Amino acid sequence: MPKNNEPTHVGRSTPKNDALALATAQELFTADYPLEGALHCALLYSPHAHAQIRSIDTENARAVVGVVDILSYQNVPRILHTSAGQGYPEPSPYDAVLFDRRMRFVGDRVALVAADTLGAAREAVQKIQVDYEILEPLLDRRHAMDEGVPRLHGGEDHAKIPVVYEPENNLAAEVQIAFGELEEGLANAEFIEEHDYSLPAASHCAMEPHAAVAYIDQRGRLVIVSATQVPFHARRIVGRLIECPLHQIRVIKPRIGGGFGGKQEVILEPLVALVAWRNKRPARLVLSRREVFVATRTRHAADLHLKTGAGKDGSITALEMDCLLEAGAYGTHSLTVLSNVGSKVLPLFNKIENIRFHGRSVYTNLPVSGAYRGYGATQGYFAWNQQIDAVARRAGQDVVEYCKRWHIRTGETSGVFEALGEGKEGVSQVIQSCALSECLDRGARAIGWAEKRDKRTRVGQDKVKGIGLAIAMQGSGIPLIDMGAASMKMNEDGSFNLYVGATDIGTGSDTILAQIAAEVIKVPVEKIIVLSSDTDLTPFDVGAYASSTTYVSGQAVKACSEKIAAQILATAAALLETEQEKLHLEAETVRDGTGKKTVTFEEVATSATYNRDQYQIQAQASYTCQQSPPPFIAQFAEVDVDLKTGRVEVVRFLSAADCGRPINPVLAEGQIEGAVVNGLSYALWEEYRYDENGRMTNPRFWDYRIFTARDIPEMQTILVESEEPTGPFGAKSIGEVAINGPAPAIANAVYDAVGVRIRDLPITPEKVWRALRGESGAADVAGGADRPTGSRPS
Amino acid sequence: MTGTLSINGTELRISLRGDEVLLDVLRDLGYTEVKEGCREGACGSCLVLLEGVLVNSCQVLAASTLGREITTVKGLGTFHQPHPIQEAFVEAGAVQCGFCTPGMVLAAFALLKKNPRPTEEQIRHALDGNLCRCTGYVKIIEAVTLAAERMASDA
Numbered sequence: 001m002p003k004n005n006e007p008t009h010v011g012r013s014t015p016k017n018d019a020l021a022l023a024t025a026q027e028l029f030t031a032d033y034p035l036e037g038a039l040h041c042a043l044l045y046s047p048h049a050h051a052q053i054r055s056i057d058t059e060n061a062r063a064v065v066g067v068v069d070i071l072s073y074q075n076v077p078r079i080l081h082t083s084a085g086q087g088y089p090e091p092s093p094y095d096a097v098l099f100d101r102r103m104r105f106v107g108d109r110v111a112l113v114a115a116d117t118l119g120a121a122r123e124a125v126q127k128i129q130v131d132y133e134i135l136e137p138l139l140d141r142r143h144a145m146d147e148g149v150p151r152l153h154g155g156e157d158h159a160k161i162p163v164v165y166e167p168e169n170n171l172a173a174e175v176q177i178a179f180g181e182l183e184e185g186l187a188n189a190e191f192i193e194e195h196d197y198s199l200p201a202a203s204h205c206a207m208e209p210h211a212a213v214a215y216i217d218q219r220g221r222l223v224i225v226s227a228t229q230v231p232f233h234a235r236r237i238v239g240r241l242i243e244c245p246l247h248q249i250r251v252i253k254p255r256i257g258g259g260f261g262g263k264q265e266v267i268l269e270p271l272v273a274l275v276a277w278r279n280k281r282p283a284r285l286v287l288s289r290r291e292v293f294v295a296t297r298t299r300h301a302a303d304l305h306l307k308t309g310a311g312k313d314g315s316i317t318a319l320e321m322d323c324l325l326e327a328g329a330y331g332t333h334s335l336t337v338l339s340n341v342g343s344k345v346l347p348l349f350n351k352i353e354n355i356r357f358h359g360r361s362v363y364t365n366l367p368v369s370g371a372y373r374g375y376g377a378t379q380g381y382f383a384w385n386q387q388i389d390a391v392a393r394r395a396g397q398d399v400v401e402y403c404k405r406w407h408i409r410t411g412e413t414s415g416v417f418e419a420l421g422e423g424k425e426g427v428s429q430v431i432q433s434c435a436l437s438e439c440l441d442r443g444a445r446a447i448g449w450a451e452k453r454d455k456r457t458r459v460g461q462d463k464v465k466g467i468g469l470a471i472a473m474q475g476s477g478i479p480l481i482d483m484g485a486a487s488m489k490m491n492e493d494g495s496f497n498l499y500v501g502a503t504d505i506g507t508g509s510d511t512i513l514a515q516i517a518a519e520v521i522k523v524p525v526e527k528i529i530v531l532s533s534d535t536d537l538t539p540f541d542v543g544a545y546a547s548s549t550t551y552v553s554g555q556a557v558k559a560c561s562e563k564i565a566a567q568i569l570a571t572a573a574a575l576l577e578t579e580q581e582k583l584h585l586e587a588e589t590v591r592d593g594t595g596k597k598t599v600t601f602e603e604v605a606t607s608a609t610y611n612r613d614q615y616q617i618q619a620q621a622s623y624t625c626q627q628s629p630p631p632f633i634a635q636f637a638e639v640d641v642d643l644k645t646g647r648v649e650v651v652r653f654l655s656a657a658d659c660g661r662p663i664n665p666v667l668a669e670g671q672i673e674g675a676v677v678n679g680l681s682y683a684l685w686e687e688y689r690y691d692e693n694g695r696m697t698n699p700r701f702w703d704y705r706i707f708t709a710r711d712i713p714e715m716q717t718i719l720v721e722s723e724e725p726t727g728p729f730g731a732k733s734i735g736e737v738a739i740n741g742p743a744p745a746i747a748n749a750v751y752d753a754v755g756v757r758i759r760d761l762p763i764t765p766e767k768v769w770r771a772l773r774g775e776s777g778a779a780d781v782a783g784g785a786d787r788p789t790g791s792r793p794s
Numbered sequence: 001m002t003g004t005l006s007i008n009g010t011e012l013r014i015s016l017r018g019d020e021v022l023l024d025v026l027r028d029l030g031y032t033e034v035k036e037g038c039r040e041g042a043c044g045s046c047l048v049l050l051e052g053v054l055v056n057s058c059q060v061l062a063a064s065t066l067g068r069e070i071t072t073v074k075g076l077g078t079f080h081q082p083h084p085i086q087e088a089f090v091e092a093g094a095v096q097c098g099f100c101t102p103g104m105v106l107a108a109f110a111l112l113k114k115n116p117r118p119t120e121e122q123i124r125h126a127l128d129g130n131l132c133r134c135t136g137y138v139k140i141i142e143a144v145t146l147a148a149e150r151m152a153s154d155a
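So the protein sequences, as listed, match chains A and B. When we follow my numbering, the leftmost residue of the first sequence carries the number 1, and every step to the right adds one. When we follow my numbering, the leftmost residue of the second sequence carries the number 1, and every step to the right adds one.
Don't read these hints as lab results, they were simulated from the structure. Just so you know, these numbers come straight off a predicted model, no measurement behind them. All C-beta atoms, glycine included, are put in the ideal place defined by N, C-alpha and C. Watch out, some of these pointers could steer you wrong.
What the hints assert, rightly or not - Residues from chain B shown here face chain A by an in silico Cβ test under 7 Å; the list is partial:
1) 1
2) 38
3) 42
4) 86
5) 93
6) 128
7) 133
Bound conformation, chain B alone:
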């Protein structure tokens, strides 16, 4: 089938098979910021926002996303204009290998949109679908706390 994928504000006309998962389609299109860590919806490495809702792209059929707005981590900020969450991850030392980071940043983004002043417990809860083996999560939680403070004071 053919249709339009809207990724980070760019519309792409594509053709795809009905059984293709969004993760593969995105990566084949060059959106390699979406990482594959398990392909079972267990690790959060492949998270994207679908119409603002956090989804594991390995668990979503690409066909179901036609015409809907997809946001990857690159849709939040860039190297030269990073999102405050991305800056906070850098400053807090929350990035080690960086493989889980795109998913973590998106999960934090989704949380702070709903709940701009989360408690530590709420942050831990929101990151529960994202695995990280490097950091022990301590500095990731610190980064989200820091980002929340900054974003709240900027608002």
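Next comes chain A alone, as it looks inside the complex:
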């Protein structure tokens, strides 16, 4: 038998195939596309959180030299849709039109000006006169469903699939599931932990602001180049919104400067498409950072209420989880993020018999929430991990051991998988790989958990050390929904073109998919030439979201490569005059078991192309995931808390992650490290702030600070391998899971240090300082049974 079972191309940290071109700035991002004679677009936004436009006067704006077109409700068809780039029909409500008379947040779109120069477009935007009837805004999500508060939607707004959607109550989505007997479980509890948690809206802060350009090609078709995570969804949505047949539209994804969910929205593409289509001229629209903050999408702000009943031994007798998400002005991703608050969190401790989850997403006159790395799991785990920490402490148990005892294991399942899907019931699954216990052990050992927990070591006069843990899982794609496809052809020199719909937004998926193909076909990775995400050239893929690419698109590439391998073997068998079954692929050659008969890939391809029984060696394959195997992670934060100022400094952060067998360990680490730093930054600093009129007051990096290289702690990442039998070469996903742990791990570490719990993000010095002084609020001070061992520092 051939000795080619050991992988040679997967499991290796091959540099990204676009890295050198990016480092030398050869690659083009959307805004870099040269467009001769393009119309520059600028947008006018609502200055009011809630208003009805009585009239728009564009006369002065049209008089500005160079202005070519102005779009508003006056001349753009009212087509209800969702901007969410999701499978079709989308599980998000159809509650938006491109231009409306009703303004629903400060930053809602009033009009667009297209002009020969950007200067003219901006000048004209200032000259559009809008007469607003100002309406009372709804700015407090906690009162969104009260009697008598303003309503944002109604009339024709509707859900596309049969789900709860009550615009008349400002209810954008609702999810409920229940198992067992909650009240009985609570009654049987020895003690109950019941707390409120809160998380603010946050910006993805992809370094590349949203951008889209469009032009008409030589044959009159519309070409859109866009900074998108979802090129195929963009094509579908644009076609409908501008009433242009799908076959007339091509969407090209160039290099993308990060997404994190923020570009899983079809926001700019319909606008440039409409301008280009109407005027038969190229159009470009590039947002400023301020526009990205205010007028794109945010993480859903959330309020959670958790009630956990536990027995003396810490076993959880009941868990009730209530979640209120802020949809903002439109309901994009409201249902699915909400579902994920439960579906990504509740299965982790799968032995809990009595569970009730109730979630609502509500409209408010605030910026629009959407997809954001973690997708609800981040919100859920912030609360859940603090509950677990508190329960373990009250049961007198070390939380690392506690988590090891109760987490879901290989061979086990949870009813939640089946109960909670994305807009419908979920898909049952049995966990086939879980190395969370090993993650916990190795992480705890590496960070010195036992030596540091509950020690409250002083650093100098004013600082106290603490250490905290958070665990999490995510998924790998959306089962029975997400589909990725690949096609591939062999060139006569033995190289291959790989065409994938999968959308590399900086993650390295082009490289990972090339590694998978190279592994199957036994060629160097450089011989796999990848072209991704061009709706004219590549097969379909849902796009880059839901931690799906490696797992879903990877399986499509693997299946496609296997078909190619079979064709190579068949051709070689004819050339070598032997049976195909006796042959195998090895290092760009086809060999028989004896090693006597060999033929190179180049010879095979040349023969197939030119010489004998000619045909193109080529194949295609699709893959729809049947399950969504979760990656698991244990994350540890070590903090110094300043008793005088309340400032929390994270001095060390460790992640131990099980993403199956990583295809490319350095890229997997990069996903974890990036997610961790985003999570740390969110935990300590990031939040949307609004004035009393619902206007965001900090839409700039000077006021909305994110971590720089100087702010990061000492970081350590451990990849704990497991073997996921349903994944390509044992791989699971890694894109999102690591953002879930930083905030709760820090909160738990703060408690470990100084005995106060901060239950609303961000964990600012002021909140800690107030909590240390026993002031009430979302934070509370350790007391009674929840009080950890050791005395509270004064």
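Once you've looked at the hints, dock chain B against the given chain A.
Chain B alone, transformed into the frame defined by chain A:
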């Protein structure tokens, strides 16, 4: 006004308005390797070297740069002859989306010119004006460390 811009050793005769910022002028001239991330001098995506000094080109009036030497990331190395810093970024896995990379590479270049053997603390300090949302900075710091070692041993 009219004048000469010297970019990566190429002299360009241009005319511009007094209020135009260098970032826009460079991008309009096709130097799209200079990226716009915030336009407020907060993110470092638009860094260039002006007479060897690191500046956010969004905060510089183009008129003030006439006759002065401007270097973009393409002035450091090319695809076929990359600078050791660019190679180190590739090898260390410091490039994810690559949007911040031109600025990061220039910031690293400016640091290593002044301080060929920086400590990790000094590297973090030098990169403080460059935002990255993809990498968590870990591999970027590794890349600069690697580049410093290589450049020191080549010197």
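Hint by hint, here is what the structure shows:
no., hint, in the structure
1, 1, "violated (17 Å)"
2, 38, "holds (4 Å)"
3, 42, "holds (4 Å)"
4, 86, "holds (4 Å)"
5, 93, "holds (4 Å)"
6, 128, "holds (4 Å)"
7, 133, "holds (5 Å)"
Hint compliance for this structure: hint 1 is the single one not met.
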